[in-house]
Amino acid sequence: YGLAASQLQRLRDKQIPLTVAVDKVAASGGYMMACVANKIVSAPFAILGSIGVVAQIPNLHRFLKNKDIDIELHTAGQYK
1 YGLAASQLQR LRDKQIPLTV AVDKVAASGG YMMACVANKI VSAPFAILGS IGVVAQIPNL
61 HRFLKNKDID IELHTAGQYK
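Residue 1 is where the sequence shown starts when you use this note's numbering, and the numbers rise one by one after that.
What the hints contain is simulated information worked out from the structure, not anything from laboratory work.
A portion of the hints provided could be inaccurate.
As the list claims (entries may be wrong) - Calculated cross-link-like contacts (lysine-lysine; reagent style DSSO-like; alpha-carbon spacing at most 30 Å):
(1) Lys-67 x Lys-80
(2) Lys-80 x Lys-39
(3) Lys-14 x Lys-39
(4) Lys-65 x Lys-80
(5) Lys-24 x Lys-14
(6) Lys-24 x Lys-80
(7) Lys-24 x Lys-39
Full structure from sequences and hints, please.
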């Protein structure tokens with residue numbers, strides 16, 4: 001989606017007005033693309049934006065420590 005958003009930004013950089021139309025859903029990457037536009041129009045019941053993630057995850061810290069298991073964290077970037 002980042003590549004698609006950058007291509008839309010190229011239109012904006014050339015002073016070409018950009019309107020994005022959302023029929024059903026523009027969440028997460030779709031919303032990122034839509035935000036590049038000068039104007040966003042949507043169907044009355046379209047979903048726009050991103051709500052994030054909610055998860056219930058068991059805490060295994062003591063179990064892993066007891067079994068001498070180390071955890072490594074790998075991310076796609078500093079804030080991901």
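Here is how each hint holds up against the structure:
1. Between Lys-67 and Lys-80 the alpha-carbon distance is near 28 Å, which keeps this suggested pair within the 30 Å criterion.
2. Between Lys-80 and Lys-39 the alpha-carbon distance is near 28 Å, which keeps this suggested pair within the 30 Å criterion.
3. Simply put, Lys-14 and Lys-39 have alpha-carbon atoms about 16 Å apart, close enough for the 30 Å limit, and the pair holds.
4. Among the hinted pairs, Lys-65 with Lys-80 is consistent with the structure: their alpha-carbon atoms are about 25 Å apart, no more than 30 Å.
5. Our distance criterion of 30 Å between C-alpha atoms is met by Lys-24 and Lys-14, whose separation comes to about 29 Å.
6. Using a Cα cut-off of 30 Å, the hinted pair Lys-24 and Lys-80 holds, with the two alpha carbons roughly 27 Å apart.
7. At most 30 Å may separate the alpha-carbon atoms for a hinted pair to count; Lys-24 and Lys-39 meet this at roughly 17 Å.
In terms of the numbered hints stated before, the structure departs from none.
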